[in-house]
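Asker: Spelled out, the chains give:
2 protein chains.
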Amino acid sequence: MTENQGCIEKEMDSSSNSPFVSNPHLKLLDDDMLFHIGMKAGDHQNLRNVFGDVKFVCMGGSTSRINLFAKFIQSELKDYLKGDNEPCNLSKSDRYVLYKVGPVLAVNHGIGVPSLMVILHEILKLLHYAEAQDVKFFRIGTSGGLGLEPGTVVVTRTAVNALLEPFSEQVILGKVVRFPATLDEQLQKQLLDCSGELLTAVGDTMCQGRLDGAFCDYTLEDKLEFLQKVYDAGVRNIEMESVCFASMCKRAGVSAAILCVTLLDRLKGDQVELTPEMHEDYQMRPRDLLLSL
Amino acid sequence: MTENQGCIEKEMDSSSNSPFVSNPHLKLLDDDMLFHIGMKAGDHQNLRNVFGDVKFVCMGGSTSRINLFAKFIQSELKDYLKGDNEPCNLSKSDRYVLYKVGPVLAVNHGIGVPSLMVILHEILKLLHYAEAQDVKFFRIGTSGGLGLEPGTVVVTRTAVNALLEPFSEQVILGKVVRFPATLDEQLQKQLLDCSGELLTAVGDTMCQGRLDGAFCDYTLEDKLEFLQKVYDAGVRNIEMESVCFASMCKRAGVSAAILCVTLLDRLKGDQVELTPEMHEDYQMRPRDLLLSL
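Chains A and L, in that order, are what the protein sequence lines are. Residue numbers are given in the working numbering: position 38 of the first sequence equals residue 38, and the series is strictly consecutive. Residue numbers are given in the working numbering: position 79 of the second sequence equals residue 79, and the series is strictly consecutive.
So that you can see chain A by itself, here it is in the shape it has in the complex (with noise of 0.2 Å):
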């Protein structure tokens, strides 16, 4: 940990006591309510005989885009799972969506950091408490491209924020501290050596909010020049939540890899332009490259 202007960097705790978490508090609480999908900790013998198996967690924005997922890998897996019923979702609250299909979790994570956040530190306290191991996380989502023809998956090389810095920014009790959001090389190299004829790029994801709709400040100009200059930086897509997907992937220990779908190229406009046909065959691409594995 080293102390810079304010700022506290944070390198992942290598004396962690588990794989998943890292919070001496846990074991003091008499129960741990998951809250946001509905779920008591409780007795972990459950948790254990649903949970314990899982090897592959994947998550995306949209709760049908997960839906149709799950129903996929069923599919997929129907000789060894021995039955093909309909995917059941687990999650007890609306607020997210959380599907078990063999070794696969399906799980939702809304739109923007916050969101996927709260939801990720739920998922990594379950498989805690289910002793889950070799957990493997995958960013499967649709995001706006840079210099890309619409269509191709990106294989996030390093998530970077809104200042392209390869860090996830917190504020924790009054504090601003920063933690490193790269990811595992090893997983990104094996997805795009099995590609095949998918169109795919490497490159950096840059992570950021909005930046205009109902109001805008700045000209057509400016908002291209920074596009390229972030271009010319090493990024190929912008999305809301890889920094923070990558860095608690990171602080928990997981491999992870995050592979997004661009939707359109920012530096020829901002309106989505496909038939609904192209989004739905566009929007499974990362599914099919996951499954190329």
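Think of the hints as simulated: they come from the structure by calculation, not from any bench. Watch out, some of these pointers could steer you wrong.
Copies of the same chain look alike in the list, so a pair counts if it fits in one copy or across any two.
[As the list claims (entries may be wrong)] Calculated cross-link-like contacts (lysine-lysine; reagent style DSS-like; alpha-carbon spacing at most 27 Å):
{"#": "1", "residue 1": "K82", "residue 2": "K71"}
{"#": "2", "residue 1": "K40", "residue 2": "K100"}
{"#": "3", "residue 1": "K229", "residue 2": "K175"}
{"#": "4", "residue 1": "K175", "residue 2": "K268"}
{"#": "5", "residue 1": "K40", "residue 2": "K223"}
{"#": "6", "residue 1": "K27", "residue 2": "K175"}
{"#": "7", "residue 1": "K82", "residue 2": "K55"}
Fit chain L to the known structure of chain A by using the hints.
Answerer: Only chain L this time, still in chain A's reference frame:
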């Protein structure tokens, strides 16, 4: 606009050419896809017919709570509306829900600032295209309380960020920009004046991301010391969207209030320990205060 240590502080643009929006690029668009509610601005006449009479926008995090809210408004207004059809979700995307009941537009915003920002941009543009007038905005939500009996509805005086500053901060084209997060004092007073027997309080609301869960590096003493400092500064509840909601409404030039019920007293612990019935009852209280206006 003043420049200060790399940050730009913005006051509301009083020369804004329209209520709701201030974006000269909008009129250059052939059409405007409100992507996250799946509506095209396209034919403005249609938007005027459906949304032109909106007077109240009511937002909350959860989809099911907004659905219940819309049903309740429908039953309260059934004589006025000449019918008691179930309210219908007008959003064509699975990201957010959107109900229109008489003069009320009820919309969920998900969890956290970026999620709220995405939908609020689209709602402001929707009302702009619909040429709605004199619209008031309310966030009715849940929160963690400080030094208050659980179930208290806090009417926010000012929203503050996690550094206790009354600003929303955004990185726009690589520069940190701050927007004031103050609210309509008159509306606060009106709400408090009509609160009757409902447990209410007024105070600042701190907006922050999730601090712990899977990871925690600080002690219970550190946390309580920090929360006491926050309480002493005038904060009475903590949630995850207020600073953005307040600053965007101010920027749009619309009157806004935030009414959040407290589900627990964070000075006494972090677990929500309510029966489902109490949880249900508490969640309805901001709505009840709003309807007493």
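Asker: Now, for every hint given, state plainly whether the structure supports it.
Answerer: How the hints compare with the structure:
With identical chains, the CA atoms of K82 and K71 are at most 27 Å apart within one copy only, with a shortest distance of 15 Å there and 43 Å across copies. In this assembly of identical chains, K40 and K100 lie within 27 Å of each other by CA distance solely inside one copy; the values are 17 Å within and 36 Å between copies. Only between protomers do K229 and K175 lie at most 27 Å apart by alpha-carbon distance; the minimum there is 13 Å, versus 30 Å within a single protomer. In this assembly of identical chains, the alpha carbons of K175 and K268 lie at most 27 Å apart only when taken from different copies (22 Å versus 39 Å within one copy).
Proximity of K40 to K223 under the C-alpha cut-off of 27 Å is restricted to the inter-copy arrangement: shortest distance 24 Å between copies versus 47 Å within a copy. Only within a single protomer do K27 and K175 lie at most 27 Å apart by alpha-carbon distance; the minimum there is 26 Å, versus 42 Å between protomers. Taking identical chains as interchangeable, the C-alpha atoms of K82 and K55 lie at most 27 Å apart only when both belong to the same chain, with a minimum of 19 Å there against 55 Å between chains.
Violated hints are absent here; each numbered hint is respected by the structure.
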